[in-house]
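S.K.: What follows is each chain in one-letter form.
Protein chains: 2
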Amino acid sequence: MRIALDAMGSDRGPAEMVAGAAMAVREADVKITIVGGEEQIRPALKREGIEGLVEFVPTSQVVTMHDSPIDAVRKKKDSSIVVAFELLKKNAVDAVVSPGNSGAVMAAAVKFLGRLKDIARPGIASVFPTLKGPVVVMDVGANVDCRPKHLLQFGVMASAFSRIMFNIEKPRVGLLSIGEEGGKGNALVKGAHLLFQNSGLNYIGNVEGRDTFVGDVDVIVCDGFVGNVCLKLSEGLAEAVFSMLREEIGKTLKAKLGYILAKDAFANFKRRVDYAEYGGAPLLGFNGTGVICHGRSNKLAIKNAILVADGLVKHNVNEHILEILENAKPALADLEDNHIPAGVA
Amino acid sequence: MRIALDAMGSDRGPAEMVAGAAMAVREADVKITIVGGEEQIRPALKREGIEGLVEFVPTSQVVTMHDSPIDAVRKKKDSSIVVAFELLKKNAVDAVVSPGNSGAVMAAAVKFLGRLKDIARPGIASVFPTLKGPVVVMDVGANVDCRPKHLLQFGVMASAFSRIMFNIEKPRVGLLSIGEEGGKGNALVKGAHLLFQNSGLNYIGNVEGRDTFVGDVDVIVCDGFVGNVCLKLSEGLAEAVFSMLREEIGKTLKAKLGYILAKDAFANFKRRVDYAEYGGAPLLGFNGTGVICHGRSNKLAIKNAILVADGLVKHNVNEHILEILENAKPALADLEDNHIPAGVA
Numbered sequence: 013m014r015i016a017l018d019a020m021g022s023d024r025g026p027a028e029m030v031a032g033a034a035m036a037v038r039e040a041d042v043k044i045t046i047v048g049g050e051e052q053i054r055p056a057l058k059r060e061g062i063e064g065l066v067e068f069v070p071t072s073q074v075v076t077m078h079d080s081p082i083d084a085v086r087k088k089k090d091s092s093i094v095v096a097f098e099l100l101k102k103n104a105v106d107a108v109v110s111p112g113n114s115g116a117v118m119a120a121a122v123k124f125l126g127r128l129k130d131i132a133r134p135g136i137a138s139v140f141p142t143l144k145g146p147v148v149v150m151d152v153g154a155n156v157d158c159r160p161k162h163l164l165q166f167g168v169m170a171s172a173f174s175r176i177m178f179n180i181e182k183p184r185v186g187l188l189s190i191g192e193e194g195g196k197g198n199a200l201v202k203g204a205h206l207l208f209q210n211s212g213l214n215y216i217g218n219v220e221g222r223d224t225f226v227g228d229v230d231v232i233v234c235d236g237f238v239g240n241v242c243l244k245l246s247e248g249l250a251e252a253v254f255s256m257l258r259e260e261i262g263k264t265l266k267a268k269l270g271y272i273l274a275k276d277a278f279a280n281f282k283r284r285v286d287y288a289e290y291g292g293a294p295l296l297g298f299n300g301t302g303v304i305c306h307g308r309s310n311k312l313a314i315k316n317a318i319l320v321a322d323g324l325v326k327h328n329v330n331e332h333i334l335e336i337l338e339n340a341k342p343a344l345a346d347l348e349d350n351h352i353p354a355g356v357a
Numbered sequence: 013m014r015i016a017l018d019a020m021g022s023d024r025g026p027a028e029m030v031a032g033a034a035m036a037v038r039e040a041d042v043k044i045t046i047v048g049g050e051e052q053i054r055p056a057l058k059r060e061g062i063e064g065l066v067e068f069v070p071t072s073q074v075v076t077m078h079d080s081p082i083d084a085v086r087k088k089k090d091s092s093i094v095v096a097f098e099l100l101k102k103n104a105v106d107a108v109v110s111p112g113n114s115g116a117v118m119a120a121a122v123k124f125l126g127r128l129k130d131i132a133r134p135g136i137a138s139v140f141p142t143l144k145g146p147v148v149v150m151d152v153g154a155n156v157d158c159r160p161k162h163l164l165q166f167g168v169m170a171s172a173f174s175r176i177m178f179n180i181e182k183p184r185v186g187l188l189s190i191g192e193e194g195g196k197g198n199a200l201v202k203g204a205h206l207l208f209q210n211s212g213l214n215y216i217g218n219v220e221g222r223d224t225f226v227g228d229v230d231v232i233v234c235d236g237f238v239g240n241v242c243l244k245l246s247e248g249l250a251e252a253v254f255s256m257l258r259e260e261i262g263k264t265l266k267a268k269l270g271y272i273l274a275k276d277a278f279a280n281f282k283r284r285v286d287y288a289e290y291g292g293a294p295l296l297g298f299n300g301t302g303v304i305c306h307g308r309s310n311k312l313a314i315k316n317a318i319l320v321a322d323g324l325v326k327h328n329v330n331e332h333i334l335e336i337l338e339n340a341k342p343a344l345a346d347l348e349d350n351h352i353p354a355g356v357a
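Top line first, the protein sequences correspond to chains A and B.
Heads up: the first sequence begins at 13 in our numbering, then just goes up one per residue.
Heads up: the second sequence begins at 13 in our numbering, then just goes up one per residue.
The hints are simulated quantities; they were obtained by calculation from the structure and are not laboratory data.
Because the structure is a prediction, the values reported are computed rather than measured.
Warning: the hint list may mix true and false statements.
Remember, identical chains collapse to one label, so a pair may be satisfied in a single copy or spanning two.
In silico lysine-lysine, DSBU-like type, Cα no more than 35 Å apart, as pairs [said to hold, decoys possible]:
(1) LYS326 - LYS58
(2) LYS196 - LYS123
(3) LYS268 - LYS282
(4) LYS43 - LYS129
(5) LYS58 - LYS102
(6) LYS266 - LYS144
(7) LYS129 - LYS202
(8) LYS202 - LYS87
(9) LYS144 - LYS282
Build the full structure now, drawing on both the sequences and the hints.
M.R.: Here you go:
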């Protein structure tokens, strides 16, 4: 398996990305092509002792978080994101992993590889930890204004991902809404509910925000605006909870002592909610394989993202998507037949 | 101050509501009229020893969580929700507090009292704890499909509430979105951003889900679908965090001992994130005062909700809303002048 790692555009800098690559090549049977600025990458490769173990493609430009995705892909032709996807296009690698501007990653994927047949909108899936197994949430930011058919396709793509990564043949799919009854929600969700019922997916109906972390559903579908808000809200809340707990524990000597005794429990707990364990968010719906990492990714997160990319290619996620989509087509065809107005469908 | 307490429709039953009323009358200078089923309320009044301290209006019907709000208000004329708002209409009380079906509470408020002048859509505000002070989020569920002008009015109403409850003359208002730049978000948020800039509110721009719990903003505005998802997601995550922590701590004797030593810190922490401390969500934008409590409200939450209702009436929240709305009118007038298409504005 050959994976291009975009080593630029992360908050922690290229050295941390190279360290992640080093972990991955030592742990798994993957070939990595690191893409990024020569000055930063060369010394990091040396430090990690992987100069002979990975390929390196130097680039001169960086897409920042403030760049407009479309402009960046058009104008920064020698950026690590663009060059990584060009490598994918000419089949020099099998997948791209990037911690950079997710809009630009998406734009590059679609520009160079094209959308998967019959997928209207590629999207980003993210894995949330729960009390039981992990849950896949899609879309988490690529598509902010959606129609019901887009939500149905997110359900299809996320089901394929869940099947591959968590070995669930028929993942339970829920629509994120504000009440459990199918009639509840906004116009988008109400429209999507009708489609999902007839989709061949293992659709269990609406789920509420409260259900997200319980773990009784494998896939949660929402538009990219709601998904992105939920993702960042969860991160923010988890951080706030740790801060408050630390503050309270710091107030008395007795509590501090208690914390020292319970330290391993806290560490285990932190590991359970740590995004780094889940290894990035797959970009689904284009003719290729890509994984987007959190901008703050540490080397563990990068290593895990590389392993996720490896799994997606090995199990051919796009074939699973097309297979599941085939079963959902009658629902989508009904939609066209019924001439549901554009604002609703 | 005279407050009607709808004692039906909560998860914990009428006795807990009566216990909350007992706490309130003993702590503050409020007159309470309890509305609900005679068989359950009478013995509870006796048990709490407040038979002579509160009024009681018996009702024979209960609006459940599964009732359609509009139907319930029309057909269940002797339900506690309907009767409580009738008391408000004929000025027998100054405010209503209810833990019942929030849609039905909203419908009854609008039916019996009417919308506040120039407010297109009344909504529900909720208080979230943060690392610093509390933050007011609106709307959290009353309006699932919104236009930009509705968001602006939520900003106006939530600012009035923040001013009164937290004594902030010019609350900082943020629009919940998926990027900090004003150009980022879905069509609704982009449209609202333009209105807020010219609204006279202390508008600080977009805020992300991550900012919610940091406490650098006083009011967060979103549509009722997003707000309700966020509210329930936060509850679910907080519960999951406690469960995971409990599980991990239960695994070793050493950790258990540590927990015992740090117990006070945990209790303080729990209090900081406990919804019961914040006392319910005000219903804003109708000609009256109402507070909706969480269905799971315990007596402390009910007591605090009664105190919130008391504060809203005392400080005349509706006058503040109208005053702040006056300053926002040019922004809304621009909107009409520009003939922004209905789908966007």
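S.K.: Decide, hint by hint, whether the structure agrees.
M.R.: Status of each hint after checking the structure:
no.	hint	verdict
1	LYS326 - LYS58	within (30 Å within a copy, 70 Å between copies)
2	LYS196 - LYS123	between (37 Å within a copy, 22 Å between copies)
3	LYS268 - LYS282	both (18 Å within a copy, 17 Å between copies)
4	LYS43 - LYS129	within (28 Å within a copy, 67 Å between copies)
5	LYS58 - LYS102	within (28 Å within a copy, 81 Å between copies)
6	LYS266 - LYS144	both (33 Å within a copy, 25 Å between copies)
7	LYS129 - LYS202	both (26 Å within a copy, 31 Å between copies)
8	LYS202 - LYS87	between (40 Å within a copy, 26 Å between copies)
9	LYS144 - LYS282	both (15 Å within a copy, 23 Å between copies)
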